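Asker: With this note's numbering, letter number 18 in the sequence shown gets 20, and the count goes up by one each step, no holes.
Be a bit skeptical, because a hint or two may be false.
Label-pair distances were calculated between CB atoms; the ranges are [said to hold, decoys possible]:
#1 Phe105 / Gly125: 21 to 31 Å
#2 Gln4 / Val44: 17 to 27 Å
#3 Ala68 / Arg16: 29 to 39 Å
#4 Gly53 / Asp95: 39 to 49 Å
#5 Phe105 / Gln14: 15 to 25 Å
#6 Gly56 / Ser97: 36 to 46 Å
#7 Asp95 / Ala20: 28 to 38 Å
Within a straight-line C-alpha distance of at most 27 Å, the following computed DSS-like cross-link-like pairs (lysine-lysine) qualify [claimed, not checked]:
#8 Lys114 / Lys81
#9 Lys114 / Lys99
#10 Lys80 / Lys114
Simulated from the structure, these hints should not be mistaken for lab results.
Since the model is a prediction, treat every value here as computed from it, not as a measurement.
Cβ coordinates follow ideal geometry from the N, Cα and C atoms, glycine included.
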Amino acid sequence: MQGLHLTADLYQCRCEPAWLTDARILGDWCVEAVQAVGLQPVNQLFHTFPGTDGAPGGVTATVLLAESHVCLHTWPEKKAVTVDVYVCNFGGDHSAKARGLMFALVNRFQPKWTEQRSLDRGGEDE
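All chains, please: the whole structure from these sequences, using the hints.
Answerer: Put into C-alpha cells, the structure is as follows:
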C-alpha cells in the first residue's frame, strides 16, 4: 500500500481559457502527459460542467492509472485548478514519475502561484 500522494492548488492561471473549459482538450493532453512520464493509463473520464450566469463551466478530468490515478478540477471563473496525483509503489517506486507529472500539469496552467503538498502513504512494513 505504499505510495505517494501529491496535491496542488493553482491560482490565477494564465493559460488559454480552453484548458479550463474544454474536457476533450484537457483530457487528451492529460493522457499524453501520463504516458510521457512513463505511467500507464488504463481508463479515463472527462466531463465539462454546464456554465452558470453566463460564465463557462469547469472540467473534471480523471485518468485511472495502473499505478493509481490523476484527477484535475478546473474553476474557469476563478482561473483556478486543483490537481491530485497518486501513485502506488507496490511493484516499484513511481515517485519520480509522479513528481514529473505534477511538474508538467502545473506548468500547463501557468499559475501565478501554487500551494503544493506531498504525502507518503502506507507504512514501511506492509
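Asker: It remains to establish, for every hint, whether it holds in the given structure.
Answerer: Outcome of the hint check:
no.	hint	verdict
1	Phe105 / Gly125: 21 to 31 Å	holds (27 Å)
2	Gln4 / Val44: 17 to 27 Å	holds (20 Å)
3	Ala68 / Arg16: 29 to 39 Å	holds (33 Å)
4	Gly53 / Asp95: 39 to 49 Å	holds (42 Å)
5	Phe105 / Gln14: 15 to 25 Å	holds (19 Å)
6	Gly56 / Ser97: 36 to 46 Å	holds (43 Å)
7	Asp95 / Ala20: 28 to 38 Å	holds (35 Å)
8	Lys114 / Lys81	holds (10 Å)
9	Lys114 / Lys99	holds (24 Å)
10	Lys80 / Lys114	holds (12 Å)
Violated hints: none; the structure is consistent with every hint.
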